[in-house]
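These protein sequence lines are chains L and W, in that order. So the mapping is simple: the numbering used here equals the position in the first sequence, first residue as 1, plus 304. So the mapping is simple: the numbering used here equals the position in the second sequence, first residue as 1, plus 407.
In short, the hints are calculated from the structure, not lab data. Values in this document were obtained by computation on a predicted structure and should not be read as measured data. Note that beta-carbon positions come from the ideal geometry of N, C-alpha and C, so glycine has one too. Take every hint as true, because none was put in to throw you off.
Simulated restraints, written as ranges between beta carbons of each label pair:
1) W:A550 - L:E341: 43 to 51 angstroms
2) L:P408 - W:P413: 36 to 44 angstroms
3) L:E341 - W:R435: 35 to 43 angstroms
4) W:E463 - L:T377: 22 to 30 angstroms
To give an idea of the interface, some chain W residues facing chain L are shown, with a C-beta separation under 10 angstroms as derived from the structure:
5) T423
6) Y425
7) A451
8) L452
9) D455
10) E456
11) S458
12) G517
13) L518
14) G519
15) M520
16) I526
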Amino acid sequence: MSELSVDRRELEGVVLLYPRGFINAHTVRLFEGAIQEALDEGRYRIVVSGADLKYIASAGLGAIMGVVEEIRTNGGDIRLAELNETVRNIFDILGFNHLYRIFPSEVEAILSFREGGGAGSPPA
Amino acid sequence: MSERRPALILRVPSRTEYLATIRDVTRRMAEVAGFDGAQADQLALAVDEASTNVIEHAYRGAPDRRIELRFDACADVLRVEVVDDGEAVDPRAVPQVDLRRYASERRTGGLGMHLMGRIMDTVTFRRTARGNVCCMVKRRPGAGRGAAP
Numbered sequence: 305m306s307e308l309s310v311d312r313r314e315l316e317g318v319v320l321l322y323p324r325g326f327i328n329a330h331t332v333r334l335f336e337g338a339i340q341e342a343l344d345e346g347r348y349r350i351v352v353s354g355a356d357l358k359y360i361a362s363a364g365l366g367a368i369m370g371v372v373e374e375i376r377t378n379g380g381d382i383r384l385a386e387l388n389e390t391v392r393n394i395f396d397i398l399g400f401n402h403l404y405r406i407f408p409s410e411v412e413a414i415l416s417f418r419e420g421g422g423a424g425s426p427p428a
Numbered sequence: 408m409s410e411r412r413p414a415l416i417l418r419v420p421s422r423t424e425y426l427a428t429i430r431d432v433t434r435r436m437a438e439v440a441g442f443d444g445a446q447a448d449q450l451a452l453a454v455d456e457a458s459t460n461v462i463e464h465a466y467r468g469a470p471d472r473r474i475e476l477r478f479d480a481c482a483d484v485l486r487v488e489v490v491d492d493g494e495a496v497d498p499r500a501v502p503q504v505d506l507r508r509y510a511s512e513r514r515t516g517g518l519g520m521h522l523m524g525r526i527m528d529t530v531t532f533r534r535t536a537r538g539n540v541c542c543m544v545k546r547r548p549g550a551g552r553g554a555a556p
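Next up, chain L with everything else stripped away, as it sits in the complex:
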């Protein structure tokens, strides 16, 4: 069984990524590739919807950190939604909740782009 899959769909001009499984040093290339594919298409509004993301190690966090400046420079943002307790705790431990907007639901994350435009900035 594969440790990670990343499905994708689009809604209201937002690219939704659905990592399923575990993101660590072994699987991170797949996750990076999914993000990079969106950027290569000039899509800078991205939501990582983590309902099926069981676990994320620093390699995965680094993958997000490595592209966030490019995304925000281009007027977009990468936002997170539906993180389980384990993943949410990891984000909180590292202080990622101060760098990225995290929403309880995917719908709220999508709508946040409508409210605030794509202009990405860290949460206050």
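Place chain W on chain L using the hints.
Frame of chain L, contents of chain W only:
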């Protein structure tokens, strides 16, 4: 005092595909020590990070080396040693990570070490004649203060 004997020793090749095995075993041993599921997940992450550091730094990606993990789970305490015979690493201390600067500079190194330090009670490194030993200890939150492992 008698010499400590780990309850479980796991030896795996220095390849990232074994991180899943390391994660599963760590999680199980954490549960044996009385940690709940969320805590066990965090401990598994810390050991994943330590093992990844061995692969990437001590072994510089060489896939034909060995990582040895020594688990000691007793009441309310999990102790894990991650042992390699690779190049000396000198982490000195868990680095302070400035995430905003990291993001602006596109830096990602040090995040794993930082996570290990935040999750575990203690993270220590020592160099032996055989190689590097990273020792991580976590006491279950709310557990009574017994003898340190």
